[in-house]
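Engineer: Taken in order, the sequence shown gives residues 5 to 333; the numbers are from this note's numbering.
Certain hints may be false.
[Stated by the list, open to error] In silico lysine to aspartate or glutamate, EDC-like type, Cα no more than 20 Å apart, as pairs: (1) K29 with E100; (2) K221 with E245; (3) K29 with E42.
Honestly, the hints are just simulated from the structure, not real lab data.
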Amino acid sequence: MPTGAAPIRQLAPHAVDELTTTAQKILADFGSSAARPELLRKIAASATHLGETIRHDCRPVDTDDGLFVLRGLPIDDGGIGPTPASWATAGDDAAEWDVILLLLAMAMGHPIAWEGQQEGRFVHNIVPSPGHEVEQTGASSTVLLSPHTEDAFHPGRAHLLLLACMRNHDAVATTAASIRKVRLDADDAALLSRPVLPILPDDAYAEAQGFAGEPPKVPVLWHTGNGPTLRYDPAYTPLDEAPADHRAAYDRLTAELERVSVAVALEPGDVLVVDNDLVVHGRVPFKARYDGTDRWLKRASVRVPGRRSRPLAEADEHGYGQAALVAHL
Numbered sequence: 005m006p007t008g009a010a011p012i013r014q015l016a017p018h019a020v021d022e023l024t025t026t027a028q029k030i031l032a033d034f035g036s037s038a039a040r041p042e043l044l045r046k047i048a049a050s051a052t053h054l055g056e057t058i059r060h061d062c063r064p065v066d067t068d069d070g071l072f073v074l075r076g077l078p079i080d081d082g083g084i085g086p087t088p089a090s091w092a093t094a095g096d097d098a099a100e101w102d103v104i105l106l107l108l109a110m111a112m113g114h115p116i117a118w119e120g121q122q123e124g125r126f127v128h129n130i131v132p133s134p135g136h137e138v139e140q141t142g143a144s145s146t147v148l149l150s151p152h153t154e155d156a157f158h159p160g161r162a163h164l165l166l167l168a169c170m171r172n173h174d175a176v177a178t179t180a181a182s183i184r185k186v187r188l189d190a191d192d193a194a195l196l197s198r199p200v201l202p203i204l205p206d207d208a209y210a211e212a213q214g215f216a217g218e219p220p221k222v223p224v225l226w227h228t229g230n231g232p233t234l235r236y237d238p239a240y241t242p243l244d245e246a247p248a249d250h251r252a253a254y255d256r257l258t259a260e261l262e263r264v265s266v267a268v269a270l271e272p273g274d275v276l277v278v279d280n281d282l283v284v285h286g287r288v289p290f291k292a293r294y295d296g297t298d299r300w301l302k303r304a305s306v307r308v309p310g311r312r313s314r315p316l317a318e319a320d321e322h323g324y325g326q327a328a329l330v331a332h333l
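Take the sequences, apply the hints, and build the full model.
Structural biologist: Shown next, in the form of structure tokens:
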């Protein structure tokens, strides 16, 4: 798997100063990064005044890689404190970065949060947690986090995923594979474009897993005017319920995604921006120490208003009872 093959957008020093100064002023006014309506309104208003350089760096993904890295923001490894033991204990740790990430998210679209995940926070802390080592969630460590579409079970899932690196002493890699780089024959593409299987809620959504409604069957692939897109999460797709030809096509897609996958070892201060309709992402296994020095990311999810990149049938899905909270400009 190639390492570090991701387009870089280097933030200019004046853009870095603008983002950090704006975030610091907002925090000084509100004293916390906990998402309250008045804080979100302030961040949204501030985002509208960000300079043209930042807005250019936040333009849509423009290569078949389906992602890019914003680089140049500084991190004080000592100043951010130790890596939290879990998202639930993170609180206001590295609060300035919560605001920076939301400023960037609002420059790209509308940040979203989920009522059923991390207490409805708009910025999630992704850290290894004791007892969760082998789960297929961001709290795992010792297993490969399988490549997947973020929140693939839900029709209101993000268009963009932002992952900000707080700490990564061990160069633990995020994996990424773009559907625009795979080679799939027409028969396999046709099979995978049919709604044959559901995608079930992942282990981060305990309430959704108990939803009583019939799981909707959804296509894995579909085409837009710009090329193929996908909705993919094998860890939560009941593949044994599919006909043999569909399973075989799914396996060939999985092999192709593995072939084109890259490993991106984020540096502190990097913000990885992933197009969630083009790219499946995951993480390589690592050994967590639980000593305050482990890998620590912050995550924000963004919907892009007016974007038409998904089948119209998704509007009829129940989303397993999960509701998204949307921070509008």
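Engineer: Determine for every hint whether it applies to the structure shown.
Structural biologist: Cross-check of the supplied hints:
{"no.": "1", "hint": "K29 with E100", "result": "holds, 10 Å"}
{"no.": "2", "hint": "K221 with E245", "result": "holds, 11 Å"}
{"no.": "3", "hint": "K29 with E42", "result": "holds, 14 Å"}
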